[in-house]
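**Q** For the record, the sequence lines run as chains G and C. Just so you know, this note's numbering puts 125 at position 125 of the first sequence, and the rest follows in order with no gaps. Just so you know, this note's numbering puts 30 at position 30 of the second sequence, and the rest follows in order with no gaps.
None of these hints come from the bench; they were simulated from the model. Fair warning: there could be bad hints in the mix.
Once the Cα atoms are required to be at most 30 Å apart in a straight line, the calculated DSSO-like pairs of lysine-lysine come out as [what the hints assert, rightly or not]:
{"#": "1", "chain 1": "C", "residue 1": "K222", "chain 2": "G", "residue 2": "K96"}
{"#": "2", "chain 1": "G", "residue 1": "K275", "chain 2": "G", "residue 2": "K208"}
{"#": "3", "chain 1": "G", "residue 1": "K177", "chain 2": "G", "residue 2": "K102"}
{"#": "4", "chain 1": "C", "residue 1": "K222", "chain 2": "G", "residue 2": "K68"}
{"#": "5", "chain 1": "C", "residue 1": "K221", "chain 2": "G", "residue 2": "K68"}
{"#": "6", "chain 1": "G", "residue 1": "K91", "chain 2": "C", "residue 2": "K18"}
{"#": "7", "chain 1": "G", "residue 1": "K96", "chain 2": "C", "residue 2": "K371"}
{"#": "8", "chain 1": "C", "residue 1": "K18", "chain 2": "G", "residue 2": "K102"}
{"#": "9", "chain 1": "C", "residue 1": "K306", "chain 2": "C", "residue 2": "K371"}
{"#": "10", "chain 1": "C", "residue 1": "K186", "chain 2": "C", "residue 2": "K306"}
{"#": "11", "chain 1": "C", "residue 1": "K186", "chain 2": "G", "residue 2": "K103"}
{"#": "12", "chain 1": "G", "residue 1": "K96", "chain 2": "C", "residue 2": "K3"}
{"#": "13", "chain 1": "G", "residue 1": "K167", "chain 2": "G", "residue 2": "K208"}
{"#": "14", "chain 1": "C", "residue 1": "K18", "chain 2": "G", "residue 2": "K96"}
{"#": "15", "chain 1": "G", "residue 1": "K91", "chain 2": "C", "residue 2": "K186"}
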Amino acid sequence: MIENLNVFAVRTLTQKEYFAPGHRSCQGCAEALAVRLVCKALGRNIIIASATGCMEIVSSPFPFTSWKVPWFHCAFENTAAVASGIEVGLKVLMRKGRIPQKKIVTVGLAGDGGTADIGLQALSGALERGHDFIYVCTDNEAYMNTGIQRSSSTPFGASTTTSPAGKTKMGQITWKKNMAAIAAAHNIPYVATACPSYPMDLIQKVKKAADIKGAAYIHILSVCPTGWRSAPDLSIKLGRLAVETGTFPLYEVEHGKYHLNIDFPKLKPIKEYIKLQGRFRHLTEEMIEEIQTRITHDYEQLKERDKRGF
Amino acid sequence: MAKRVGMEVSIAAAEAVKQANVDVISAYPITPQTHIVEHLSEIVANGEMDAEFFCVESEHSAMSICIGSEATGARSFTCTSAQGLALMAEMTYIASGLRLPILMIVANRTLSAPLSIWNDHSDAMMIRDCGWVQYFVENGQEVYDHVFISYRLGEDRNVLFPVIINMDGFVLSHVIEPIELIEQEKIDQFLPPYQPLYQLHPDQPITMGAFALPAIFAETKKAQEMALRASMGKILEVWKAFGDMTGRYYQPVETYRAEDAETLLLTMGSIGETASVAVDQMREEGRSVGLVKIRLWRPFPFEALKQATLHAKNLVVIDRAVSVGGPGGPVASEVKAAIYGEPIRPSVYNFAAGISGRDVTPFDFIKMVDKAEIEIEEGNKEGFEIYGVRE
Ligand SMILES: Cc1ncc(C[n+]2csc(CCOP(=O)(O)OP(=O)(O)O)c2C)c(N)n1
Ligand code: SF4
Ligand SMILES: [Mg+2]
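Generate the whole structure from the sequences, applying the supplied hints.
**A** Structure, rendered in structure tokens:
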């Protein structure tokens with residue numbers, strides 16, 4: 001294996017940008033990077049349905065747009081349904097000969113709030129109906145657009161504006177919802193987790209999802225320096241640490257078969273990941289220990305699945 | 001020759017959707033709209049219609065799918081009632097803001113609570129200001145006809161608005177009526193395939209649904225408001241063209257024995273037919289009573305309404321919903337607003353009747369006219385009451 005293959009491989013990517021520079025995201029926003037990479041992976045023959053959220057707000061203040069591909073936003077909780085509509089619209093128009101036959105990939109794009117909370121029902125419906133589309137959740141672990149409120153994807157212990165660390169509560173009191181597993185439970189052909197800190201892995205997964213017939217779900221951990229209270233220049237490093245500590249493992253579920261993409265014989269202690277983020281500043285040693293136990297357990301479970309295949 | 005067939009109005013509605021060559025149907029079942037969806041599923045399942053049919057997981061998604069498919073340029077249809085409409089309310093505003101000419105039939109039903117499946121107009125009134133063209137039809141034939149009328153109108157590049165056909169739940173949706181079916185060739189001529197002005201497609205990438213800062217939002221709202229008002233001309237034009245094809249001419253406001261009437265009843269929806277029976281009875285007794293029926297609810301037909309009503313002394317407006325804690329019934333409020341600036345205008349007495357399926361018979365209309373005439377005579381010129389409440 002060539003050492004640092006990923007570093008060189010990125011240079012082979014298309015220079016073309018479909019999510020144009022000049023949008024209004026914060027410095028070091030890995031969610032914007034994730035979207036940029038998703039677009040690079042898919043090319044121009046796509047239509048994106050976006051949810052309300054940071055990526056929508058930073059990219060589309062009328063009369064400006066960052067989108068060089070057809071892009072549609074209508075609300076917060078219905079991205080998967082809108083994408084379903086686009087997919088069936090294209091299908092029927094092609095069948096009836098009203099637009100030329102060609103492969104156009106329909107993409108739903110939403111944050112963790114728009115996916116795991118308010119949009120879960122619409123997503124479940126779309127996955128169950130089996131539309132031929134890709135749903136991308138960019139997970140920055142809170143409602144960032146509206147000011148860092150908790151979501152069901154916010155990790156245990158994280159302080160947000162609606163799960164603040166106070167005298168009696170130490171931030172988020174619930175564990176992060178496992179969206180990828182929920183998507184996989186719909187028996188769709190392809191589910192994957194990804195992170196822009198691993199750009200080639202992310203791009204490969206998005207391309208695979210585009211090639212697969214049927215619904216595909218990709219869950220992308222997206223570091224948000226503003227919400228995580230982390231240094232903007234650490235976003236790539238934090239994404240790597242999330243993976244290396246086992247907090248956010250990179251895996252695929254193809255037709256129900258689990259496959260861990262990068263396995264670490266020994267995980268880094270989660271403390272290395274946590275200590276770089278102000279949202280965890282208040283955590284006690286015991287709480288960090290509790291999180292470590294849970295992460296280790298979940299990672300072991302995932303390894304089991306990887307071994308078993310399901 | 002056009003065939004006249006006895007059929008349930010919901011079936012006629014579904015047949016019209018088929019004949020209109022709709023591309024995408026997406027709906028969620030709710031009484032009393034269900035027969036439309038069921039029949040459409042059957043039609044598609046039997047291959048009688050080349051459409052994509054999706055019975056989705058909620059009305060919110062049903063409307064969202066229509067929004068997505070319509071944005072690609074596919075003619076899209078949905079239908080619902082009451083709670084379903086409430087659930088999709090958010091999306092109704094978005095469909096019109098994005099100028100997507102979807103058609104929705106609403107089989108009007110009461111909004112909970114208490115839960116009730118029966119008919120009134122509380123659901124339609126909830127989304128009164130959603131920016132769609134809104135019809136209230138009176139019978140099955142009108143439902144059938146307005147499917148073609150609505151698509152032809154909504155898809156016109158000078159209009160580009162979604163359209164709601166309101167039809168009363170049960171009293172219309174579930175009754176069997178004689179329907180004159182139009183030959184397919186005629187329909188195909190009247191309603192050619194949809195040619196969208198903008199559509200989502202990679203060959204011409206566009207951004208649809210950008211957000212507006214305060215510096216631009218008011219301008220977009222004004223543009224929408226002007227466009228919906230300006231659609232009146234097209235509405236009349238499409239009705240005229242339809243009339244020339246079928247012999248059935250429609251008007252935004254219709255009158256019945258109203259020209260010389262001292263007292264006018266005003267209705268919207270299917271109770272207009274019952275009201276006309278009451279008018280005949282009162283005329284036989286020598287009373288000077290007539291009827292005005294509103295068919296077009298949005299854009300509101302100010303001129304036609306004035307023409308039909310200003311000469312009368314008393315205007316008895318029958319609402320099918322209550323603006324709780326407000327000025328009475330929503331129709332009366334609008335009627336009053338429409339004639340307010342006129343130097344000579346009738347007194348408007350307002351009843352909310354037939355709330356949640358309570359029967360309104362010709363006898364009830366006569367009682368309401370009696371009551372209104374007395375109240376106005378006694379000086380209570382702008383009264384409101386919910387009719388027929390047991391004490
Ligand atoms: C029905 C509805 N409820 C609430 C909101 C307000 N809202 C807009 S975006 C948002 C949070 C978005 O969070 P997420 O999906 O995680 O995306 P992010 O901004 O974090 O990328 C909320 C609560 C809304 N637009 N619509
Ligand atoms: S708040 Fe976070 S997700 Fe939103 S633009 Fe800023 S860095 Fe990106
Ligand atoms: Mg988020």
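**Q** Quick one, are C/K222 and G/K96 close enough, alpha carbons at most 30 Å?
**A** 37 Å, violated
**Q** With a cut-off of 30 Å on the C-alpha distance, tell me whether G/K96 and C/K371 pass.
**A** Between G/K96 and C/K371 the Cα gap is close to 59 Å, so the pair fails against 30 Å, i.e. violated.
**Q** Between the alpha carbons of G/K91 and C/K186, is the straight-line distance 30 Å or under?
**A** Given pair G/K91, C/K186 holds - Cα atoms ~27 Å apart, limit 30 Å.
**Q** For the pair we were handed, G/K96 and C/K3, check the Cα-Cα distance against 30 Å.
**A** Between G/K96 and C/K3 the Cα gap is close to 29 Å, so the pair holds against 30 Å.
**Q** Need the status of pair C/K18, G/K96: alpha-carbon distance at most 30 Å?
**A** It holds: about 15 Å lies between the C-alpha atoms, which stays within 30 Å.
**Q** Are the Cα atoms of C/K18 and G/K102 separated by 30 Å or less?
**A** The hint holds at about 27 Å.
**Q** Run the distance test for G/K275 versus G/K208: straight-line Cα separation, threshold 30 Å.
**A** Violated, at roughly 35 Å.
**Q** Hey, C/K186 versus C/K306, does the alpha-carbon distance stay inside 30 Å?
**A** Violated, at about 35 Å.
**Q** Does the alpha-carbon distance linking C/K222 and G/K68 stay inside the 30 Å limit?
**A** Answer holds: C/K222 to G/K68 is near 29 Å, not above 30 Å.
**Q** Is the Cα-Cα distance between G/K167 and G/K208 30 Å or less?
**A** 48 Å, violated
**Q** Is G/K91 close enough to C/K18, meaning Cα to Cα at most 30 Å?
**A** Answer holds: G/K91 to C/K18 is near 18 Å, not above 30 Å.
**Q** Is it true that the CA of G/K177 sits at most 30 Å from the CA of G/K102?
**A** Violated, at roughly 37 Å.
In terms of the numbered hints stated before, the structure departs from hints 1, 2, 3, 7, 10, 11, 13, listed from lowest to highest.
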